[in-house]
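Student: Generate the whole structure from the sequences, applying the supplied hints.
This is what each chain is made of:
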Amino acid sequence: MSRLCDLSLDEVTDGIRNQHFSAEDYVSHILERIAKLDADIKAFVSVNSDHAIESARRIDSKIRRGEKVGYLAGITVGIKDNISTKGLRTTCASRVLADYVPPYDATVIRKLKESDAIVIGKLNLDEFAMGSTTEFSNFGPTRNPWNLDYVTGGSSGGSAAAVAAAECTASLGSDTGGSVRCPASFCSVVGFKPTYGSVSRYGLIAYSNSLEQIGPIARTVSGVVRVMNVISGVDPNDDTTRTVASPYSVESNRNHLRIALLNNLTVNAQPEVSKCIYSAMDTLSSAGCICEEITLDSLEFALASYYVIAMAEASSNLARYDNIRYGFDLDPEGYEWNSYFSKVRSNFGEEVKRRIIVGTYVLSSGYYGRYYLKAQKVRALLRREFKSLYSKYDVIIAPTMPILPFKIGEKIGDPIKIYYMDIDTVISNLTGMPAISIPAGFSNGLPIGLQIMSDDFQEQKIFDAALLFERTAKIQVRSPL
Amino acid sequence: MISNYSTKIGLEIHCQLTSLKSKLFCSCHCNYREYSPNENICPTCTGLPGTLPLLNQTAIEKAAMVCMALRCTIPNNILFYRKNYFYLDLPKNFQLTQYNAHGITSIGVDGLLGYGQGEARIRRVQLEEDPGRLSYVKGSSGSLIDYNRAGVPLVEIVTEPDFHDPKDVRLFLNKLASIVEHLGVCDTSLEGAVRCDANISIGDSRRVEIKNVSSFGDVEKALKFEMTRQKAMLNYEMEIRGETRHWDEQRKITKQSRTKEEEQDYRYFSEPDIPSIQIDEDYLKELHSKMPELPDERKERFINYYNLTEHVSKVLIEHKDLADYFEESAKIYFAPKEISSIIVTDLMSYVDDNSKKLGSTIRYIKMSPKQLAEIARMIKEGIVNRKTAKQLLYEAVVSGKLITSSENETNFRKIDDEGLILRSIENVFETESLAVLDAKKNPNVSNYLLGKVMELTKGRVDPGRALSQINKKLLEY
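Respectively, the protein sequence lines represent chains A and B.
Using numbering that gives the first Met the number 0, you'd call the opening residue of the first sequence number 0 and step up by one each time.
Using numbering that gives the first Met the number 0, you'd call the opening residue of the second sequence number 0 and step up by one each time.
None of these hints come from the bench; they were simulated from the model.
Using N, Cα and C, we set each Cβ at its ideal position, and we do this for glycine too.
Worth double-checking, as some hints may not be accurate.
To be verified - Taking lysine to any residue pairs in the SDA-like style, the calculated list, with each CA pair at most 20 Å apart, reads:
hint : chain 1 : residue 1 : chain 2 : residue 2
1    : B       : Lys82     : A       : Tyr360
2    : A       : Lys376    : B       : Asp88
3    : A       : Lys342    : B       : Asp88
Unchecked claim - Have a look at the derived ranges for each label pair, beta carbon to beta carbon:
hint : chain 1 : residue 1 : chain 2 : residue 2 : range
4    : A       : Lys473    : B       : Glu60     : 55 to 61 Å
5    : B       : Tyr34     : A       : Arg477    : 53 to 59 Å
6    : A       : Leu380    : B       : His287    : 46 to 52 Å
7    : B       : Asn303    : A       : Ser363    : 55 to 61 Å
8    : A       : Leu329    : B       : Tyr282    : 45 to 51 Å
9    : A       : Glu113    : B       : Arg206    : 44 to 50 Å
10   : B       : Arg206    : A       : Ser363    : 52 to 58 Å
11   : A       : Asp330    : B       : Glu118    : 52 to 58 Å
12   : B       : Arg32     : A       : Asn337    : 50 to 56 Å
To be verified - Chain B regions said to be covered by chain A (calculated; three or more residues, Cβ under 8 Å):
hint : region
13   : 51-58
14   : 63-75
15   : 80-87
16   : 92-106
Tutor: Rendered as structure tokens:
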């Protein structure tokens, strides 16, 4: 029998519900594993041990009494530390929120708890989700479980690494420009960015409101689907949420999907990555899908457009961190308020400062039209073009990342190189459409992810294609550690 | 010469939508005034990380009604913008407001409001959130912040610089106050519910902004002061700087703001967390049908239905609660002329004498409209004379009690009995024998005797009748 920690989400809920093992056994096992591994991986910034055990016991006693338990009963979910958890420190991996304890739960947390999922802890990220490597964290970088010298990708690096290392059943990340899919690709797990408006952002500490969504990470496609079935849907606390077609099915009945490969993105990718994606296309073809290659010239402007919008919104979103109502310990005595603000805000990390400054610049009068407005036009253009593509294709595939994972510290001094990593993922954030990254293979032991995208609210098509690929390609899902 | 300088004045009025239950973007109470500091707050209005604004749909409705009353165009697509600036009272360090530079998306534009003999164009109306409030503690260098007000819905009404005389500004503001009262969107008597900034330029001089005027009444004074100041400067050929000045309520002068306000770049962009609001014809039609009667319409009705004069009608409708009081009273006893005249003369002067506030304080008097109706009835039916009526009125205003005819009829009934009048006169003649002698020589003294008679009868005799009796009696002496 395999180790408890390696069980897929479905196996965990089945095992607990059918009393093959107790929730307490499972949670204890997971906590032991965190204690054993996380000193090296550094995925967790807070572990919710006591609460987790308590919740597990509650679930066990419900089961023993024959009461109904929730859809995700007993699974352990790690939460990116930019999602508000009531009573549990939520830092955004930033010094300015070092002591911040939210007085309320994010909607996704409330929904997880209501379905008897157990919040096992909070996971590392690039400060305020700004980064693609999880190196820009006040807690230091998270390490890739497949090779501890390598980056996890980011910004939800803790979320992907914890799942890959089997330190939790599943996790939540947030994806503003690829922050769920990038680390999912680098850590060889499944990561999903839902359609904008599918999942409530209430309680997600904003980086760029118009682009981001909370998304699940798990070791299997069905794990991701099941978490989506719990967290998605209209939320009265988020006016941008929409009705979704859930519950999504974990049985793929479609194997004649019409698939397009965006070859701009394979052309630009590292050869090992490109090769892997073409072989993934072959796998899908062999499973009965109709595949062809397409080129989309307007993608050239996507990355610049993304960074202009994201930084503009970020510069405004992060203005509230003035340490007046919450934050960290810094005595205001003796400061005039403007100089206190400056003092407080000098505690942001380098990358966050960079984005606030650029974002402030692109919104300034005289530059608004040149940058922000133009970026919005590119965004609208991309949406139109993808809308028309989805009249011909069910899904579009591409690499998730143009490159293989690299060593920690290798690119940290070159922000443009790091921004460039997002070139394949930002597309879906700009269009608002859904996209998944699933394990597609390895090169020299380093994971490669396949990205599958579709039209607004067509998550089922993505899940169908992903399930089909997962079943056919049989990429290793067992933890490397 | 001074008189040749042309003056241009524009206004920016902030009006809280006090009738709403909740704040603009959360469910905290709109009526923040009853709470201890920082009691009426939640994660959203204090800008905690991860919170999202949830638009109060009723605020859109109320603001749209204001726009309709000001004859504004309401666009189909309404957006909210972030106005980015750092200030202690601003929980998110940006204010959610509206902005028209990238297409017309504020709740209303291009309106017009007539007042007195003039009219002013309305440039725009926008919906926005009020910030929190700072208070400075005496003897301490620190300041305290109260977020109870943060997020309270405001409509900002911006006029074109169409005023030339501060007096017109007052007329305009009174009219506007009456409109928002009639719409039922704002109780203008609440402290801070309406605020007005003004800008003024004389001749070719630069524009000067006047801020911090907390009552409509003071706007006229501030503008008058500013006009005098600027004209004096021009006469001495001094240059008027474009600047922001603050109104000093105590000293009744405008003062240069302590901090030099540089040209701020607010970096406006549309708020991604609030989807655009679509306003269609049907919505506007329905809203139109729900519009309450506005002051102009009401004035016409008062003139036509109650047969009141233009002047009296105008005074009544200037404050909705005054007009309401009148109508309620007239409904109980249909004597509109009598009732309106009591309100406009006796009641208003009482209110003015007893309160620095405007006539809207009629709500704080204790007399009910029913009691006023009763007084009018007693006058009309000749049960009391005007002097007694006035006495009854003031007693009722203060105590809320009206000594009605049924309670103590004889005390207040007019003395009709000729014998009773004569007996009173005889009494006075006895006690005032010296005066009676004087009166025989000097007719003016008979008025003194009349006064004594009125005193004795507590004013219940008809003075005309009494005087002729007195004169008759004097002849008998």
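Student: Indicate, hint by hint, whether the structure satisfies it.
Tutor: The hints, checked one at a time:
Our distance criterion of 20 Å between C-alpha atoms is met by Lys82 (chain B) and Tyr360 (chain A), whose separation comes to about 15 Å. Of the pairs offered as hints, the one joining Lys376 (chain A) and Asp88 (chain B) is violated, with about 35 Å between alpha carbons and a cut-off of 20 Å exceeded. About 18 Å separates the Cα atoms of Lys342 (chain A) and Asp88 (chain B), which keeps this hinted pair within 20 Å; it holds. In this structure the supplied range 55 to 61 Å holds for Lys473 (chain A) paired with Glu60 (chain B), their Cβ-Cβ distance being about 59 Å.
Judged by the Cβ atoms, the range 53 to 59 Å given for Tyr34 (chain B) and Arg477 (chain A) holds: they are separated by roughly 58 Å. Separated by about 39 Å at the C-beta atoms, Leu380 (chain A) and His287 (chain B) break the suggested range of 46 to 52 Å. At about 58 Å, the CB distance of Asn303 (chain B) to Ser363 (chain A) agrees with the hint of 55 to 61 Å. Under the hint 45 to 51 Å, the C-beta atoms of Leu329 (chain A) and Tyr282 (chain B), about 49 Å apart, fit the expected range.
Judged by the Cβ atoms, the range 44 to 50 Å given for Glu113 (chain A) and Arg206 (chain B) is violated: they are separated by roughly 58 Å. A C-beta distance of roughly 23 Å is found between Arg206 (chain B) and Ser363 (chain A), which places it outside the suggested range of 52 to 58 Å. For the hinted restraint 52 to 58 Å between Asp330 (chain A) and Glu118 (chain B), the CB-CB distance of approximately 56 Å keeps it satisfied. Separation of Arg32 (chain B) from Asn337 (chain A) is about 30 Å and departs from the stated range, judged on CB atoms against 50 to 56 Å.
Residues of the region 51-58 of chain B with a Cβ under 8 Å from some Cβ of chain A number 4, which satisfies the need for three, so the listed coverage holds. Check result for the region 63-75 of chain B against chain A: violated, 0 residues qualifying (beta carbon to beta carbon below 8 Å, three or more required). Evaluation of the coverage hint for the region 80-87 of chain B: fulfilled, as 4 residues show C-beta separations to chain A shorter than 8 Å, against a requirement of three. Counting residues of the region 92-106 of chain B whose beta carbon lies closer than 8 Å to any beta carbon of chain A gives 3, which meets the minimum of three for the stated coverage.
The structure shown violates the earlier hints numbered 2, 6, 9, 10, 12, 14.
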